[in-house]
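Residues per chain, in single letters:
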Amino acid sequence: MSAEVGRKINIWQKIHIDRPLLAGLLTLSTVGLFIIFSASGQDWDLIIRQLTRLGVSLGVMFFVAQIPPSFYQRWAVPLFIVGCGLLVGVLLFGVIGKGARRWIDIGITRIQPSEIMKLAVPIMLAWFIARKPLPPKISYSVWGLALIVLPTLLIAKQPDLGTSLLIASSGLFVLFLSGLSWRLIGGFVVAMPAVGAALWYFYMHDYQKNRVLTFLNPESDPLGAGYHIIQSKIAIGSGGIWGKGWLQGTQSQLEFLPERHTDFIFSVFSEEFGLVGILGLLSIYIYIVLRGMVISVRAQDAFSRLLAGSITLTFFVYVFVNMGMVSGILPVVGVPLPLVSYGGTSMITLMAGFGILMSISTQRKVFSG
Amino acid sequence: MLNWRKRVAIRDHLAEANLFVRRTIAALVVVLILVGSLVNNLYYLQVDKYQDYQTRADGNRIKVQPVAPNRGLIYDRFGRILAENSPFYSLDIVPEEVDDLEKLLAQIHQLIELDQDTVEDFKKDVAQQRRKFKPVTLKSQLTETETAILSVNQHKLGGVYIEARLKRYYPYKDLTTHAIGYVAKINQRDADNLELEGKSANYEGTFDIGKQGVEKYYEELLHGQVGYQEVEVNNRGRPIRTLSQQPPVPGQDLILNLDIDMQQLAKDALGERRGAVVVLDAKNNGVLALYSNPSYDPNMFVHGISSKNYKALLDNKSRPLINRTTQGRYPPASTIKPHLGLLGLEENLITTKTRIWDPGYYQIKGIEHKYRDWKSWGHGWVDIYRAIEESCDVYYYDLAVRLGMDKISDFMTQFGFGELTGIDIYEETSATMPSREWKYGRFRQPWYAGDTVSIGIGQGYWTTTPLQLATSVSVLANEGMHYEPRLLKATQNETGTLPVPPQDRPPIQVKSENNWQIIKTAMQGVVEKPTGSGHKAYSGVEYHAAGKTGTAQVINIAQDEEYDADKIAEKYRDNAMFVGFAPVDNPQIAVAVVIENVGGGGKNAAPVARTMMDYYFANYQEAKP
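From first to last, the protein sequence lines are chains A and B. The opening position of the first sequence corresponds to residue 1229 in my numbering, with each subsequent residue numbered one higher. The opening position of the second sequence corresponds to residue 6 in my numbering, with each subsequent residue numbered one higher.
Treat the hints as calculated values from the structure; they're not laboratory data. Heads up, the beta-carbon is just placed ideally off N, CA and C, and yes, glycines get one too. Treat the hints loosely; a few may be bogus.
To be verified - Once the Cα atoms are required to be at most 30 Å apart in a straight line, the calculated DSSO-like pairs of lysine-lysine come out as: (1) B:Lys204 - B:Lys68; (2) B:Lys525 - B:Lys358; (3) B:Lys322 - B:Lys272; (4) A:Lys1385 - B:Lys204; (5) B:Lys190 - B:Lys322; (6) B:Lys516 - B:Lys541; (7) B:Lys412 - A:Lys1437; (8) B:Lys358 - B:Lys172; (9) A:Lys1437 - B:Lys172.
What the hints assert, rightly or not - Partner residues are not named here, just some residues of chain B that face chain A (Cβ under 10 Å, in silico): (10) Leu43; (11) Leu50; (12) Ala62.
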């Protein structure tokens, strides 16, 4: 092997950037910019703002990647406790927006603690499970479960059902990847309907119940909540195999679609690029997920493995939930399409997550022969 | 050797790694299954059902649109309309529907008048257009004739639409600006605020929002609740007809305490002079008149003020944009002598028997500097009555120094000086009630005895707004009862009228109720005794009024200089002030008048106050003295 190649690899290694992953993320973001441009009625302001946000997020990712995984492992517990404290703070004196308390005012700026928890929960669970040999004992797993339930309930109470379920799944993925016994997983699947019923009666607000009901039968409320899903399905369906072409989607350009450049951006994409475009987009997402899996399998210790695996799978859940909701197979829970939807603090969190993946991929302890 | 007695869990790293790989593969399988189900569903929508959805997209002609609620109207206390919604016609063009824009503009120009600026602005708007097929306004506020001509010719003008919109209109123009404020187009900052407060949905379809005055303060009451309608649209997305609707809930109407006639009277009385007039209903501090001169026409802002007009307003040396009644900071001058006198009585530093020799100046012991009386040869022997009636300065220099700044500061704050009055508009300053701490915080300097001397005649660091002065006089008139001034009298919707209760603050507690009487009698002397400084202005009135004049120095006059109005540039001339209430034994109205740079308060401000009081007693039945 020539020295030339060796040095090249070293540079990326040195700045702790995983090139294959970065390539996937950048491709995806570029696609996103094109669709936002179309969905917003060719609004350059929005593009510039999205680019700025992208720049900031990449900066955060870069920064996070510089920190070795052992640091996250050490700070797992304090981070988790602070996060939970902030969630309690939100419930007590949070700022109300859109009928929910999600922000907390810390003088200089407003922060959304649920965003912190998107990373704090998997880090905490990975730390907790990796303390003992794997697979974990059932009694130990139950403690892990408790660590998931606490923040989930706090966020569900805000109320922010979508985020709370995503955070719960990020924790559950750690348990799954750690080798939780299949029997327990089976029991869990059986118990889900019961949990669902409990949520329905004790935690869901009327508007959330409405969403579920309209989801089951959108045509029942074509003027209200169902309107979104119906218009979205028309947009996707009328895109056909090849799509109507960039900037040519009637559903989006004539403003039949709600939340065109944010949550429903996938409908715009589907209308303008058709099934062929969707398969292309899905390939990029699958590529990123596969790269994440490779990174996690190659990670050096249990903590890194579990964390990387959980981040990767959670990313996929975002994609699946968003695409599922706009195409009518999942309820509308208000989850953006990662890296393609316009805006959101969620992009920074997402990129921070990828920063952790890159840190795990590039910061390897060197064992002397 | 390892210690086998203690059970140590040995990690089998290889086994763990293998377990993880197996789990990851399992996860990958699930991922692929889920992706498969997504694709399967998308295939169903886009291939199997393509024809169906394609037809529905083409035939998609039904849109849900927000319907903005009608904004509540604003009336004065006698039901005269101060802010209404009137229809305006505007000429809109959808650029995408026009083949040759230049030709179309020329065509329109032949029909109606179009000046170059309008056309330039329009072209700029078209260039910056954010969304395709969105109409761009060429000319707003079409006249009736223009509307008629364009409507007749509309079939020849493809892409031209005439839109009727309800816009706010203020029939009394500049008369109500500083009290009512105005609405104008929702800008980015408003939009961000609405988003933050979770009100964005309610403002879909709303173009304007309250920017100042009552319009801003009561935005929530005035705005109402958005409605929705289902409309059929053409293939360009423009509505053709309404299919069904959920009507909006209109905003509430507001009835103000304001009396528009009194407002007009204040404007006329001030004439060309810069200044402010505040008239309060002394029984509850309802605001009868709140006028700041000069003012401006708020209707300009409703339709988007041109940069030329806006610059003219900004550059105007008389500063019409400032609401002098609540934002003007004026030294109170002698108008606060009654308040200080009350404090002197309360502290037993003076009684009605106390007399002071006024040689025409005052000196702090051991200091050379002479603080002059406005009457350079002095008032001679002065008691509290004469000190107020003739506005003796030396008496108050002495009293202020004996009281000390801490007591003055505490007591005057109870009258509302140095604090927001709580009036229902946001454009208000608290002005300054100085104190030891305030001066140190502001200038990093200690409070000097000389500072207190100036405070005795309402000069120095002390500033007040005309509304604070009126409120403080109302507190005096009501012997300590303190109500916040209120513009809003009642709200009204289809279910009825709801009066707004007055909002009170902690009343001023005195040791001797008689002290109030002493001060009121002295203030009555100001206008009723021949030697009183407000006597001339109030000669021949049919009711018993009480008041206090004030003449505020705008610049410092050097030790040996005489104030000579003729020699001094206008902007350095004295401010004329007057505060008063009537009737003395059953106060119903409190007034404060400030006129900038015109000279003495007795001569200039007191007549304006009298005009307001005369009008009140002539026109308000319940008020006959």
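Here is what the structure says about each hint:
no.: 1; hint: B:Lys204 - B:Lys68; verdict: 22 Å, holds
no.: 2; hint: B:Lys525 - B:Lys358; verdict: 17 Å, holds
no.: 3; hint: B:Lys322 - B:Lys272; verdict: 19 Å, holds
no.: 4; hint: A:Lys1385 - B:Lys204; verdict: 22 Å, holds
no.: 5; hint: B:Lys190 - B:Lys322; verdict: 27 Å, holds
no.: 6; hint: B:Lys516 - B:Lys541; verdict: 35 Å, violated
no.: 7; hint: B:Lys412 - A:Lys1437; verdict: 62 Å, violated
no.: 8; hint: B:Lys358 - B:Lys172; verdict: 64 Å, violated
no.: 9; hint: A:Lys1437 - B:Lys172; verdict: 40 Å, violated
no.: 10; hint: Leu43; verdict: 5 Å, holds
no.: 11; hint: Leu50; verdict: 4 Å, holds
no.: 12; hint: Ala62; verdict: 4 Å, holds
Hint compliance for this structure: hints 6, 7, 8, 9 are broken, all remaining hints hold.
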